[in-house]
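In order, the protein sequences belong to chains A and B. Once you know that position 86 of the first sequence is 435 in this note's numbering, the rest is easy, because the numbers rise by one and skip nothing. Once you know that position 22 of the second sequence is 287 in this note's numbering, the rest is easy, because the numbers rise by one and skip nothing.
Hints may contain errors.
What the hints assert, rightly or not - Residues from chain B that face chain A, not an exhaustive set, calculated with beta carbons under 7 Å: (1) L355; (2) T358; (3) L360; (4) H440; (5) V489; (6) P823; (7) K827.
The set of hints was computed from the structure by calculation and includes no laboratory data. Positions of the beta carbon are idealized from the N, C-alpha and C atoms, including for glycine.
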Amino acid sequence: MNKSLFLFLVALLIAAGIYVSKMKYEVVFMRNRLKEADAKMEKAADDLQVSKAEWAYLTDPRRIKKLTDKYLKEHANENNVVLTYDDVMNGNFLKKQPEQPANDSEAQVNTPPRKGQRNPAKKQNRKKAFDTFLDGALKNNGGAPGG
Amino acid sequence: MANFSPASLFRSLREGFALWRRCKDHSSLMKSLRKRLLFSGMAGVFFFSCVSYRLADVMIISKLVPPQMGKTGHTDIVKKADIVDRNGELLATSLPTSSCYVDPSVVIDADKTAKLLSTIRGMPAFEKIKQKLADKNKRFVWLSRHITPQMQEQIMDLGLPGVQFQKDYKRVYIHGNLFSHVVGCSDIEGAGVCGLERQFSDELSVEKLSSRKLTTSLDLGVQVAVYEELSAAVAKYSAEGGNAILMASNGEILAMVSLPDFDSNKLEKLSISAMFNRNTMGAFEQGSILKILNVAIALDCGSAKLGSIFDASAPLKIGRFSVKDFKGKNRPLTLAEAFVFSSNIASARIAQSFGSKIQKAYMKRFGLLDKPTLEIAELGRPIVPASWTDATCMSVSYGYGLAVTPLQLLTAVTSIVNNGYKVQPTLLHDRQFETSKPEQLVSESTSAIVRDLMRAVVCFGTGKKAAVDGMDIFGKTGTAYKLTGRGYGSDGNRKRITTFLGGFPKDRPQYMLLVSLDNPKATSETHGYATAGWNIAPTARRIFERIIPLLHCEKTQPSEIKVVKYLRLD
Numbered sequence: 350m351n352k353s354l355f356l357f358l359v360a361l362l363i364a365a366g367i368y369v370s371k372m373k374y375e376v377v378f379m380r381n382r383l384k385e386a387d388a389k390m391e392k393a394a395d396d397l398q399v400s401k402a403e404w405a406y407l408t409d410p411r412r413i414k415k416l417t418d419k420y421l422k423e424h425a426n427e428n429n430v431v432l433t434y435d436d437v438m439n440g441n442f443l444k445k446q447p448e449q450p451a452n453d454s455e456a457q458v459n460t461p462p463r464k465g466q467r468n469p470a471k472k473q474n475r476k477k478a479f480d481t482f483l484d485g486a487l488k489n490n491g492g493a494p495g496g
Numbered sequence: 266m267a268n269f270s271p272a273s274l275f276r277s278l279r280e281g282f283a284l285w286r287r288c289k290d291h292s293s294l295m296k297s298l299r300k301r302l303l304f305s306g307m308a309g310v311f312f313f314s315c316v317s318y319r320l321a322d323v324m325i326i327s328k329l330v331p332p333q334m335g336k337t338g339h340t341d342i343v344k345k346a347d348i349v350d351r352n353g354e355l356l357a358t359s360l361p362t363s364s365c366y367v368d369p370s371v372v373i374d375a376d377k378t379a380k381l382l383s384t385i386r387g388m389p390a391f392e393k394i395k396q397k398l399a400d401k402n403k404r405f406v407w408l409s410r411h412i413t414p415q416m417q418e419q420i421m422d423l424g425l426p427g428v429q430f431q432k433d434y435k436r437v438y439i440h441g442n443l444f445s446h447v448v449g450c451s452d453i454e455g456a457g458v459c460g461l462e463r464q465f466s467d468e469l470s471v472e473k474l475s476s477r478k479l480t481t482s483l484d485l486g487v488q489v490a491v492y493e494e495l496s497a498a499v500a501k502y503s504a505e506g507g508n509a510i511l512m513a514s515n516g517e518i519l520a521m522v523s524l525p526d527f528d529s530n531k532l533e534k535l536s537i538s539a540m541f542n543r544n545t546m547g548a549f550e551q552g553s554i555l556k557i558l559n560v561a562i563a564l565d566c567g568s569a570k571l572g573s574i575f576d577a578s579a580p581l582k583i584g585r586f587s588v589k590d591f592k593g594k595n596r597p598l599t600l601a602e603a604f605v606f607s608s609n610i611a612s613a614r615i616a617q618s619f620g621s622k623i624q625k626a627y628m629k630r631f632g633l634l635d636k637p638t639l640e641i642a643e644l645g646r647p648i649v650p651a652s653w654t655d656a657t658c659m660s661v662s663y664g665y666g667l668a669v670t671p672l673q674l675l676t677a678v679t680s681i682v683n684n685g686y687k688v689q690p691t692l693l694h695d696r697q698f699e700t701s702k703p704e705q706l707v708s709e710s711t712s713a714i715v716r717d718l719m720r721a722v723v724c725f726g727t728g729k730k731a732a733v734d735g736m737d738i739f740g741k742t743g744t745a746y747k748l749t750g751r752g753y754g755s756d757g758n759r760k761r762i763t764t765f766l767g768g769f770p771k772d773r774p775q776y777m778l779l780v781s782l783d784n785p786k787a788t789s790e791t792h793g794y795a796t797a798g799w800n801i802a803p804t805a806r807r808i809f810e811r812i813i814p815l816l817h818c819e820k821t822q823p824s825e826i827k828v829v830k831y832l833r834l835d
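Isolated chain B, as found in the complex:
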């Protein structure tokens, strides 16, 4: 370390002065020094100029400019996209509202605040508000969501510190209970509870949906027609409930009604029974409707033909049970007659001709053994027999032993009548499925014969009351006993489900309808009968009459029914 003393300092100064005297004599050296000094000075001036400018900017100039606008309050409110029908009619939308919240830490007199707020109509009770204001550590507590403008004005007039408002969005279902099971409903935060609202809860947030709306395959006008007619039928026949689905030949569902239902706008009145969607969750034995599949299997696998004879002259024994016909013909029947007259005995014999293995394979192919697919979460599984014995095969042939949902059944039959090509049900409009060519479940000739047979049912069989002038309606009725406890109940005390499954027009089916009534009662008009031909077939006719003009279907000339030559109409 250098020795720092006054002597050494004086020596350094003397040497520096001598150096300066020597340099003074050299002009080029002085010039260079002058330039360096000038440059350093300029740099210093520049630096201090910038500092001065920034100081002036922050203290004086920025005060003259208005402050930037920012967001205040709770920021998690999301506006959901609209849900519309296939024609663009609004089904569900988010409307702007205001919600009231309080900052308890700012509230001066909690009792007075709670008392004043509770006097306003629509606000919570005094005790509830007081409880919300109790925790002073909280900075944000909701007081009331989605308040009316009048309430907001009244609260503002009170001038209470800590009470503030925030813009909010309320989910509104324009048509009330009309689409309750399909569109579903949302809770107070806007999260979907059931139906499409739940299934597309994420996609419906506006940032994600590019077109700002979810277009469904539903049709408002058709849904109203189906809803009104089904409601009238439920009331007329004192049924416990009912359900209906209308499906286009490409799988798009135009209408889906399940009764009883609920108002999507009134969540507080929601009940579990009303939320039950009979179309997609109600798996039950469908009865004679399954004869459509039975006949299709027999024709497709070649085990029987239209003119094949099956003995229905006496009840058929299956173990300790015997299969009987309701108002049977008590004679041998052709396959066509067995279908048109809905003979259980002949159907069981037809099933015996192809056997349980083939039947199970076809049921799997038709999608009746697996959970269906649809764009809602409320889907029920079918109840499949544990073992597929010959007895099971025979009982399944006329609709007992296998419980499926109406959606599955309608999809299977629509596929069969659609020239045998598989149809995938959907609630979205113009949905593109991945498969380029649909799977063929039965041949086109089988499909044509099945349509002819179903047309014969409407012309000559149990579906006569479903016929509509000027349109080739084809269909099948079914009356199935409901399982109550361990059995079907005793005579005179049995509950039924009556179903009609049909479509139009016969030669090129465009629409298929399934409509059911749960435990309809006999009336004087039905002459004491409560079977499908008396209650659900007329209901189907009224539905067809209303929806055919809405769907712009032209009237058709009645086409030839080729299976007539296999029928002996007594």
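With the rest of the complex left out, here is chain A:
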């Protein structure tokens, strides 16, 4: 075996050793990065799960109904008047809607007051009573109260 071949083989051996060592540490670095990515993914999945649970809680039908009754001050829709396409095309919905009051004051009088809310009917009655009193007072006192 000549000298140059011998030197070449020795150089090849050393180069292979260096390459394998380099690859080993690259794998270690990549494995660490993979674990970091897995940890981030798990955290993101947990955050997503919390968001999903929060959404499900916020959109709970019973909670929505409670909030609707409290803040929108509307009565729940009567489900037995849900219409189909045929009803709309035949004009049947006009017969089915509940009668709307003529004006707002009538609406206030006709709808029962909620707990804690003042009764507009009582307010009107009080106003009426005061007007009657005032009229009577004016008549008795010659037109000027306290006169």
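The hints should help you fit chain B onto chain A, whose structure is shown.
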């Protein structure tokens, strides 16, 4: 053994030197020796190079690389998969939390540690913590599970040695008590205690469930509607409880409610009575509802026809008992009339026409004599009479003598109205059962007639208050006395169970509902009556009105009721 002496050693050296002098003269031999020496030297250099490199690697190079990340703490925490309804709405999920544990062997001052920890709101009391820290041989003791982030921060601020945290998962039931009996609940380790959580405890571990969620057949919106109406009825009629099941024609259960119930998130407030699922475990005599099966048997086996006449003009004697009608017509009735007017006397006579053997065989076929199948463990067996005599046959015909669960009854009737094909109840969405073609329990013509008869009950009979405009509701009411002790109690002191079992639409049933009230009381609105037609039928109507739009069912034109010609409506 060779004699090793200085003389022999000197002789060996002299011979070796002579050999070397002879070899020196031969050049080829020297070359060969030189090559071998070179090779051995190279091998030695290579070996020592590797050793030197490895030494440098371990002592110097590896110190420059960050250490690999590893897991710490208790590793048995399993995250369970979600349970969702048929539309993907979340019913149960596992949320990440933190749990606090302590290593007692590392704790320096147990008293001080226990005192400081007990001051934090939500942590156990001083004595309890001190007890946990007492055993120094232990390396891991839970202090508090699923603590809030605020608590965690406060504990960390204390800086106590040995106190550590671990990531944990807590099972949360979003809708509280809405699905308590069906979805069930879990203990603090996440193991299922009842319901689907218990039945699918292994499958719900995330590694096993490929889709990461268990899709049930339940519908959140429908469950809310059924729950609210049933709760309102229980309150209105001062009932002891109630139950309801809504089943699709393919056996999927869309809603299942049993009252009283419990909050799945509050295990510490769990009571045995609240855990009782009336739908699947409450076997009791169902009363007039069983007349549906009685009529179906008579028509299917050919022992009677719609126009067959049965004498209901006088009470029927069975041994020392006599069978009477509630507000009877006191005249002969056709089979159709016997069903629509719910005559006990006529029903007993109809049962006599086919006999106890045929009745028992059909009840077996309907699944009323065996334990039902469903994907939960809380299932009750029916209470079957020991011997099936003629008297038993007659009493079973109008709903006494055989105690079955509401689930079994609903499944049997759904099968009958489903063109007679057997239906298997399930709580899972799109579950594929093994049988390719379902067994036919009764003929299609029998099924059509039974549906017609049930429609007539809602139009002309005791189910009038269950009728809904624009939908062909068909059904049957039933009022059964509850067994209290050895009898049914005395007049005026009897407890009842009122039931309505019906569905829609009549010609192609899609959904069947069973709803019951346990011991409802009479009110002024019911004019002093506590029978099914007065309390449970209106409840069923309100449920139908709410769920029909949710289920996207279109209104139907009222269809012809062919059995009307067999009815003499007084």
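Taking the numbered hints from earlier one at a time, note which ones the structure violates and give those numbers from smallest to largest.
-> 6 and 7
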